[in-house]
Amino acid sequence: MANRRLAPATEQPRDFAFSEENAAWAQGQIEKYPEGRQASAVIPLLWKAQEQNGGWLPQKAIEAVADQLGMPHIRVLEVATFYTMFALEPVGRFWIQLCGTVPCDACGARELKASLQERLGPAGHVSADGNFSWLEVECLGACCNAPMVQINQDYYEDLTPESLNTLLDDLAAGRPVKIGSQTGRTSSEPKDSVATLTDATLFDGSRVGAWRKRFEQTHDGADSGEEATKKDEAASTESRARSEPKPAHPDAGRATERPASDAPAQHAADGKEPKGYADVATGETSAAKPAEIAAADAKAVEEDRVLRTEPPQQPVASGADDAVSEEQDPEKRADAAGTRPEGRSAARDDRPDDLTLIKGIGPVNHRRLNDLGIWHFDQVAAWSAEEVAWVGAYLAFPGRIDRENWVGQAASLAAKKG
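Here UniProt numbering is used: the sequence shown runs in plain steps of one and ends on residue 418.
The hints are simulated quantities; they were obtained by calculation from the structure and are not laboratory data.
Here the structure is a predicted model, which is why all the values come from computation and not from measurement.
Please note that a few of the clues may not be correct.
[To be verified] Cross-link-like lysine-lysine pairs, in silico, DSS-like; alpha carbons within 25 Å at most:
| hint | residue 1 | residue 2 |
| --- | --- | --- |
| 1 | K178 | K191 |
| 2 | K32 | K113 |
| 3 | K48 | K417 |
| 4 | K417 | K359 |
| 5 | K48 | K32 |
[What the hints assert, rightly or not] Here are the simulated distance ranges between beta carbons:
| hint | residue 1 | residue 2 | range |
| --- | --- | --- | --- |
| 6 | E118 | P8 | 43 to 53 Å |
| 7 | S412 | R351 | 35 to 45 Å |
| 8 | H73 | W25 | 15 to 25 Å |
| 9 | E138 | S187 | 54 to 64 Å |
| 10 | R110 | S19 | 16 to 26 Å |
| 11 | D350 | R400 | 27 to 37 Å |
Every residue gets a Cβ at the ideal spot worked out from N, C-alpha and C, and that includes glycine.
Please construct the entire structure, taking both the sequences and the accompanying hints into account.
As structure tokens, then:
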């Protein structure tokens, strides 16, 4: 995929706002998601903005969507530049997206691409008459009817260079065109002959019944022969087992290490009588063991018990406890960043403002601001830079208040409230 950039400044509109109808539609999309998850509506809103703006997304539209969803501009720009369905430059009246992935490529997409280059010029440029531009994109999901293109919001399938040129001629002239397959097939039915599921035996049960009968006849006729074969195989297996006995133990004849569960220390830890050590060469267990070995085993058991029940304390650097407690105290953290804003003991006339109307403030932060004595829009609107820094550190997201312009939003809401 090629790099995707915004259109030059000379082509960018000075501003963007949804029409009244589209604004209501956008609000409906946002309300589908719970509080704090409004960003999930970013793709539908970008699509509607592109549709309203004549088929492409200007920078101001991207920023308007970001502001409406309370998202940083860069996050919405990342979405717009990732998906090829969003055009970042003017595309003319008809934007042609040519699928170039494997199924379409195998069925003739390269010929369509050559035809578009010959007729319209390089990809990403509007034709001289202002009607067309084209772009090669990834799979559009109509592989059965390859090759295909998407023009604006419609699919045109089963194309050849000739039928594609005819289609473009009709679009340019304003003549009606056929959406979908250009060869007359319905949906994704077989290309050469419609012969799927025409055999009546697939539906009347006769094919399944005949198959079952043949299977049962074959199975019954083979029973006697199969049983004799199985008996011969079993007898042969038993004979080989008798003539080629396996060792009693896979490690017989060579030294092996004692399993951990059979080790003397383990037996002692389990409250059992420790077994004697086995002779490495013979595998025989001695009846007695040296006293020093017994003492070493007992010491190992005790050390193991201590390690399991009393883990050693980790060294703590001087002042570390104070640093941890200070880090966990949001007020101390905030005091190091700025100045605490003046709060009120209660809302005026016991009628607090709904601070969640400020984009970026959810129910949790609403309660935390109330705990700080912040009840009204005009209190937020009056915050100084140092007070903004204090609140940002207290709420554990420094910089967000400036990015989301809480102060400006609060001033606007306070003015509307009167």
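Hints, one by one, checked against the model:
1. At most 25 Å may separate the alpha-carbon atoms for a hinted pair to count; K178 and K191 meet this at roughly 18 Å.
2. Only pairs whose Cα atoms come within 25 Å are accepted, and K32 paired with K113 is rejected, the gap being roughly 40 Å.
3. Using a Cα cut-off of 25 Å, the hinted pair K48 and K417 is violated, with the two alpha carbons roughly 31 Å apart.
4. The suggested pairing of K417 with K359 holds, with an alpha-carbon distance near 17 Å, which does not exceed 25 Å.
5. Note on K48 and K32: the hinted pairing holds, with a Cα-Cα distance of about 16 Å set against a maximum of 25 Å.
6. Taking 43 to 53 Å as the suggested C-beta distance range, the pair E118 and P8 does not conform, at roughly 27 Å.
7. About 19 Å separates the C-beta atoms of S412 and R351, a value inconsistent with the hinted range of 35 to 45 Å.
8. For H73 and W25, the hinted distance range of 15 to 25 Å is satisfied, since their beta carbons lie about 22 Å from each other.
9. For the pair E138 and S187, the beta carbons lie near 23 Å from each other, so the given range of 54 to 64 Å is not met.
10. A C-beta distance of roughly 41 Å is found between R110 and S19, which places it outside the suggested range of 16 to 26 Å.
11. Between D350 and R400 the CB atoms are about 30 Å apart, so this pair conforms to the stated range of 27 to 37 Å.
Hint violations for this structure: numbers 2, 3, 6, 7, 9, 10, all remaining hints satisfied.
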